[in-house]
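There are 2 protein chains.
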Amino acid sequence: MNDSRTNSANGPPTVFGTDLHLELHGPGLRAGLTDALREAVRTGRLASGSRLPASRSLAADLGVSRNTVVESYAELVAEGWLTAQQGSGTRVATRVEPHRAAAPNTPRARPDKPRPRYGLLTGAPDLANFPRTQWLTAARRALTAAPHDAFGYGDARGRVELRTALADYLTRARGVYAEPERIIICSGFHHGLALMAQALRVRRVRAVAVEAYGLDLYRGLLANAGLHTPPLYVDDHGARIEDLARLHDVGAVLMTPAHQYPTGVALCPDRRTAAVEWARAAGGLILEDDYDGEFRYDRQPVGALQGLDPERVVYFGSVSKSLAPGVRLGWMVLPEELIPEIVRAKAHGDYMTSALEQLTLAEFIASGAYDRHVRSMRLRYRRRRDQLIEVLRQRAPGIRVAGMPAGLQTVLELPRGTESAVVQDAARQGLAIRGLTQFRYEVADCGWQLPERDALVVNYAAPSDSAWAGVLDALCRVMP
Amino acid sequence: MNDSRTNSANGPPTVFGTDLHLELHGPGLRAGLTDALREAVRTGRLASGSRLPASRSLAADLGVSRNTVVESYAELVAEGWLTAQQGSGTRVATRVEPHRAAAPNTPRARPDKPRPRYGLLTGAPDLANFPRTQWLTAARRALTAAPHDAFGYGDARGRVELRTALADYLTRARGVYAEPERIIICSGFHHGLALMAQALRVRRVRAVAVEAYGLDLYRGLLANAGLHTPPLYVDDHGARIEDLARLHDVGAVLMTPAHQYPTGVALCPDRRTAAVEWARAAGGLILEDDYDGEFRYDRQPVGALQGLDPERVVYFGSVSKSLAPGVRLGWMVLPEELIPEIVRAKAHGDYMTSALEQLTLAEFIASGAYDRHVRSMRLRYRRRRDQLIEVLRQRAPGIRVAGMPAGLQTVLELPRGTESAVVQDAARQGLAIRGLTQFRYEVADCGWQLPERDALVVNYAAPSDSAWAGVLDALCRVMP
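Chains as they are written, first to last, in our numbering: chain U, 1 to 480; chain B, 1 to 480.
Hint data in this document are derived by calculation from the structure and do not stem from the laboratory. Computed from a predicted structure; not experimentally measured. All C-beta atoms in this analysis are idealised placements derived from N, C-alpha and C, irrespective of residue type, glycine included. Treat the hints with caution; some may be incorrect.
What the hints assert, rightly or not - Footprint (simulated), chain U over chain B, 3 or more residues, beta carbon under 8 angstroms:
no., stretch
1, 72-78
2, 299-312
Claimed, not checked - Beyond 12 angstroms from chain B on every Cβ pair, some chain U residues (computed):
no., residue
3, A60
4, W135
5, G152
6, E242
7, H248
8, D249
9, G283
10, R344
11, A396
12, A421
13, D425
14, G447
15, W448
16, D473
17, P480
Using the sequences plus the hints, can you model the full thing?
Right, here's the structure in full:
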């Protein structure tokens, strides 16, 4: 009966017997024993149906009290790993087969390519200048002042403190018609668009027009929600609104009126008005992605289109360009009739956004830290843009910088036929950059074709200050 | 020409003329003028088509430079509010009609009923004991140590720091088979279930079985995703797994094995094994909602069902009960084959979860603060539960406390036919509480009926320490 051999050498106690070799470690003898037994069953070292040592003998082997073993067995019986039957002792449950950990074959968000030395890919602001200290100060103030119920389940629209701070900010800085009641907090533009796509599907909308230059990520999101995405031609005055009249079943149009992404032009006044007119006549919606509205360098930013008709335009903004995408805070300013639909979509999704982050941002805005940060980054980005233009003027005088002096990225026009070679050359020099071609979106039967255009989209905001000089140098070296 | 009268009394400068009365305030003369003009157009005080004063005369009236007015007009032309045509001056754009702010009729998450004095509604932990200081300490450490790119766009699965900390914690504390690669971070159980519902729909699953006692919120979420939700009978051993054999098209079953919500029983060992067997035989999934697995007062918590078969069980956890729902952090531990589908659902939804919050929780767990908090709350909740039982024994000896000594809520059995009256009586006494009936879920043709049962679901965790004595007293007063 007591045929197991005790190994009482140094190290954790182990027991050999009925194929049982246990290494006990971790805090608590019983928890350690339970874990070791569970692991032995899981990995198959204790085979299905096999009988465990009687509690008395295992206890003696391990030098623990019998009660410890009895409790450990009971726990594993309750969990379904073991079975205990009168007369037949404790056995490994027959139905449980060992789990074989499959070979690691999980997807990764970033492939394991060597990282480029300099990143000029679009999308991110200067992350090295994220205001960590000021953000933590705001977090401390916000969390200290928050009522207890701020930590509980709350309003799916978002914290009223943040919606109030944003209503004030957006009215003041972007000319948005923003009452707190119209604002819904989400995790960024991407999330807001996903909620909107759901609401549009519930309304049986079949298509959302998009600009012929833009991010495939958003087109993919809309397509995934079952929406067609016919493109609008884009020229130097922005998206050609008249194209909408020729499209069928379009219930909404997604646009970047203040600064077309990524070509960098502004929607001209006539087309701003025409867009609102289309929305009124067609009963459609304009989805205004105001992704970098804070950043204009030659004049005050053009106000949001939404102010022209808050019942026809959905305004989207976020901190992804002004602070950092990792904060995951964005907002939608909604036509009144859409509010219940978006609240419902949110309530059936992530339910609500982090109260702690929302309160922190509300404090960050109300204290003036947000304005200060935006002003400081505006100066910094403007200086970068000026330096880029100046260094190109000196070292690559044939290269034209297109688009308005605004935002976090610009377009460098290249000689015809060189884009692909320049992008590849850049990659070899450790410079991650995209050609404009990657943002083109045309469909076969739309009746027009975008002109051939070789260009680079340069996110001059992304590099850190210390990398910037190297970036400029590398960029000039790859210019044809 | 210069027919407008200047009001140069104290207060902001205003101008009367061509129906124009402007009040300039805010920082910056030009911005103030632009805002005032925009508002005048928006509210209709400046009618469509009407002509604005010449820039020179308005400048003189306001005592500002002409350039200020010219720039202000240009900005509003660019925004589409005004039009400027050679020879006809500057006019209000004819197509823009004033926006009428509709009567406030927006939905509210909480109706404006008088707030009850004491809340015993289920779901929330003790929010007054949220560890604000320790959380801020973790946030400071995490944000100070984070690499710059942590603030950028990242892995949709979540930060590896948090997934690693959770893998360790869940293995140790809940017996979960958790590798970091299998973990996806989301905003709570609700959000995880929403992602899962999408993935199940893509797999053409038509029904998800649920427990006959549970939250209508989750059934509603599943129904909204187009899934049927046939119920499983619930008795003293948990959900009756054999019911699954009689149901058609069921691709998954949503369960609370460690502590049935809200009846408070544990799924018995036989049924744990039977559930896994069903999943293997039917190719189905078990969705394990381990909402309060940390809180068991009489013994070590029963380990997660997921450990029995990590390829058939999806494990869901969150900080909503252990810390607070307002943090909005949860996790799913996934079968390997489901990972790409859930990542896709997340990438088409909120894209990723706040990096700052994730890093803070990772630090909070790694530093041991999470374990300390859970231990401290466990003691606190256990004491509350003991006090509840003791005070009922003294003052309402007929009332039985049902369910295991675990979790944040318990069930008080009432005499037949009294539940509704007790709940109403409680409301009159300022005690917000729900009857068990509200959690029942039966359908017409399922072949069984839950026994009649009058009971209260008491979330003893929710009240603050200072309110607790009052809660106990009020509760005893409403007992029949």
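Each hint tested on the structure:
For the stretch 72-78 of chain B, the proposed coverage by chain U is satisfied: 3 residues have a C-beta within less than 8 angstroms of a C-beta in that chain, meeting the threshold of three. Figure legend: the stretch 299-312 of chain B, annotated as covered by chain U; annotation consistent (10 residues with Cβ-Cβ distances under 8 angstroms, at least 3 required). With a cut of 12 angstroms on Cβ distances, A60 of chain U stays outside the contact zone with chain B, its closest approach being about 23 angstroms. With a minimum CB-CB distance of about 7 angstroms to chain B, W135 of chain U fails to clear the 12 angstroms threshold, and the non-interface call is violated.
Under the 12 angstroms C-beta cut-off, the non-interface status given to G152 of chain U relative to chain B is violated; the minimum distance is some 5 angstroms. The beta carbon of E242 of chain U sits about 15 angstroms from the closest Cβ of chain B, which is more than 12 angstroms, so the claim that it is off the interface holds. Listed as outside the interface, H248 of chain U is consistent with that label: its C-beta sits roughly 24 angstroms from the nearest C-beta of chain B, beyond the 12 angstroms cut-off. With a least CB separation of 22 angstroms from chain B, D249 of chain U remains clear of the 12 angstroms interface cut-off, as annotated.
Every C-beta of chain B lies more than 12 angstroms from that of G283 of chain U, the closest at about 16 angstroms, which supports listing it as non-interface. Interface exclusion of R344 of chain U from chain B breaks down, the closest Cβ pair being 8 angstroms apart, not more than 12 angstroms. No Cβ of chain B comes within 12 angstroms of the Cβ of A396 of chain U; the nearest lies about 29 angstroms off, and the non-interface call holds. With a closest Cβ-Cβ approach of about 28 angstroms to chain B, A421 of chain U is found to remain outside the 12 angstroms limit, as its non-interface label requires.
Distance check for D425 of chain U against chain B: the nearest CB is about 25 angstroms away, which clears 12 angstroms, and the non-interface claim stands. Against chain B, the non-interface label of G447 of chain U holds: every CB pair exceeds 12 angstroms, the least being about 26 angstroms. Distance check for W448 of chain U against chain B: the nearest CB is about 25 angstroms away, which clears 12 angstroms, and the non-interface claim stands. Here D473 of chain U stays apart from chain B, with its beta-carbon at least about 21 angstroms from theirs, past the 12 angstroms limit.
Annotated as non-interface, P480 of chain U keeps its C-beta farther than 12 angstroms from every C-beta of chain B; the closest such distance is 30 angstroms.
Going down the numbered hints, you'll see the structure goes against 4, 5 and 10, while the others check out.
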